[in-house]
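2 protein chains.
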Amino acid sequence: MSTLALSTAKEVFDLLRDDLRAIERELGRDAVSDVAAITEIADYLREGGGKRIRPSLLLLAAKAQGYEGQGMVKLGAVVEMVHTATLVHDDIIDAADTRRGRPSANTTWGNAKCVLAGDWLYMQAFHIALEERNFRILDLLISLTQQMVEGELLQMETLGRAICETEYFDLIYRKTACLFQVSMRLGSILAGATDEIEDQLGEYGRSLGMAFQIVDDVLDLTASEDMLGKPVASDLREGKATLSVIHSLENGTEADRGAIEKVLLDQSFDRVDHAEILEILNRNGSVEYAMAAAFRCAEAARQGLAALPDNEFKRALLWVPDFVVARDK
Amino acid sequence: MSTLALSTAKEVFDLLRDDLRAIERELGRDAVSDVAAITEIADYLREGGGKRIRPSLLLLAAKAQGYEGQGMVKLGAVVEMVHTATLVHDDIIDAADTRRGRPSANTTWGNAKCVLAGDWLYMQAFHIALEERNFRILDLLISLTQQMVEGELLQMETLGRAICETEYFDLIYRKTACLFQVSMRLGSILAGATDEIEDQLGEYGRSLGMAFQIVDDVLDLTASEDMLGKPVASDLREGKATLSVIHSLENGTEADRGAIEKVLLDQSFDRVDHAEILEILNRNGSVEYAMAAAFRCAEAARQGLAALPDNEFKRALLWVPDFVVARDK
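Chains A and B, in that order, are what the protein sequence lines are. Quick note on the UniProt record's numbering: the first sequence kicks off at 1 and runs consecutively. Quick note on the UniProt record's numbering: the second sequence kicks off at 1 and runs consecutively.
Only chain A is shown next, with the shape it has when bound in the complex:
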């Protein structure tokens, strides 16, 4: 990350500092259950951090449109809780050992408790959202969660095989972009946006989320384990073909395709090693291809902001897509 970007990240953070702190306090309050195991797991997940990018988007969307109420703190906590709930269940499904550089919750508490902790977090998120007494908000959150759950199931059915770009884009929409989109929509609803503006900001969130996930998938292949806080190429190890891999599958030689398919099928680098895959991706220009797609999504995101009045929150929203595609972890 360049010094310039860092300084801008700090500026954006400063802009949201008080609200993000309020969201952390809200998350702390919301994680408390009569049942010790739930509070323990919820605390562990909350303390694991994460970028809080979804609540930040919701805050920026609301504040860019002049909203000043407390709803954005509540709903910021809600989108983070929904996100966390999906991670807990996904880690069970992927039998993940680590998450954000720490043992995943299922490793510590076991699958059974984590199924229930995930359920509880979903319900707690809806419980907080219900306090807004706004049906549109609930419609969005419930339909979002269904999309995400369906996406995870669809992904399971693709494991170990080549998929096409259409399948890939549908999967990352459900996995990531849908929640980015809903975060922007929720901020807009709080601010009393027209349907048109809400749709445009939703499009911003969707495009940004697509860019975010494409870059995430590239970094999974190209970054180091230290950077990622998890083993490199874990997507391939789980049998998942991401955009650059799909590009090499479709544009590489027969041998390239054969090598990639072996890794997908084996869900390991036993027969073909990681370096060989990287060589294939680089030789076919597949990493650049994926990054170009991410840049296009980032540009599309910025265009969704056209109708917003100029203010520091809009400027922050304009900057976020650059940050997302330029990050190295």
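These are calculated hints, taken from the structure and not from any lab test. Some hints here could point you the wrong way.
[Said to hold, decoys possible] Some chain B residues judged to face chain A by a derived CB distance under 10 Å, without partners named: (1) 86; (2) 87; (3) 93; (4) 111; (5) 113; (6) 127; (7) 138; (8) 139; (9) 162; (10) 164.
C-beta atoms are modelled at their ideal positions from N, C-alpha and C, and glycine is treated no differently.
Chain B: place on chain A using the hints.
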């Protein structure tokens, strides 16, 4: 079951036949997802049957108060879906092999898909409930689901050890009675009941649910595998102490307590066999003790109906507690 009871069961069923059929159609429509695995699992679960006792209670509560709208069909499907979602996740947690005499869903589709199918069913239930555009209904459903999830976690923490009656009653409230209570409340809300009547009918549901679960737990110990559609004494095999077992733990000899604790700890009948446990329970009058508690709950349930006008639906509600405590499977 006596002939008299059977004939009354048919009368109750006749009273609700059209609405229950409408609920089955609604459940069929609601189980459809773009994702084949979800539709498959949801169909499998729906076709597994079950007594539809929760939707029946909701229908009776609404109709006893003169309600005639379509909301009761929708919400009847909702409570059944919430129930099914909890069963799917519970079967994962208990690593159950069978459910209602068939392989449990997790045996066929694996835990990962069933975590997601359960999530999806919860969301679909809320999605349908949202159509009623009534916040009270959503408050009840979300808080119910949290109670149930917490109950399952609390239960996990009791496995393998003796518990006291207070713990037992809290667990069965969360596991069963809470959803019976909410079903009665939802029917009342649809019918526009006063808070007082809603509370009274909620109490009916709670007491009935307690009676239902106490009897279920007794049957698990005393009925045959053919009757149950699952192995006998599966609670003890999972390390769960139920009411009659708690009674013998607290009122039996040192040797009785030792024998029961061995089974709970081992989660098997390897050191102490099932017949020996039944002998302990019978000698201490523990089965009668549990059934007496169930009869008291059934009586308390009936008292919750005092304020209802006399009609065939009230008469059906008066009959249900007798049915619940007299059933042999």
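Hint check results:
{"no.": "1", "hint": "86", "result": "holds, 9 Å"}
{"no.": "2", "hint": "87", "result": "violated, 13 Å"}
{"no.": "3", "hint": "93", "result": "holds, 4 Å"}
{"no.": "4", "hint": "111", "result": "holds, 7 Å"}
{"no.": "5", "hint": "113", "result": "holds, 6 Å"}
{"no.": "6", "hint": "127", "result": "holds, 5 Å"}
{"no.": "7", "hint": "138", "result": "holds, 6 Å"}
{"no.": "8", "hint": "139", "result": "holds, 6 Å"}
{"no.": "9", "hint": "162", "result": "violated, 20 Å"}
{"no.": "10", "hint": "164", "result": "violated, 17 Å"}
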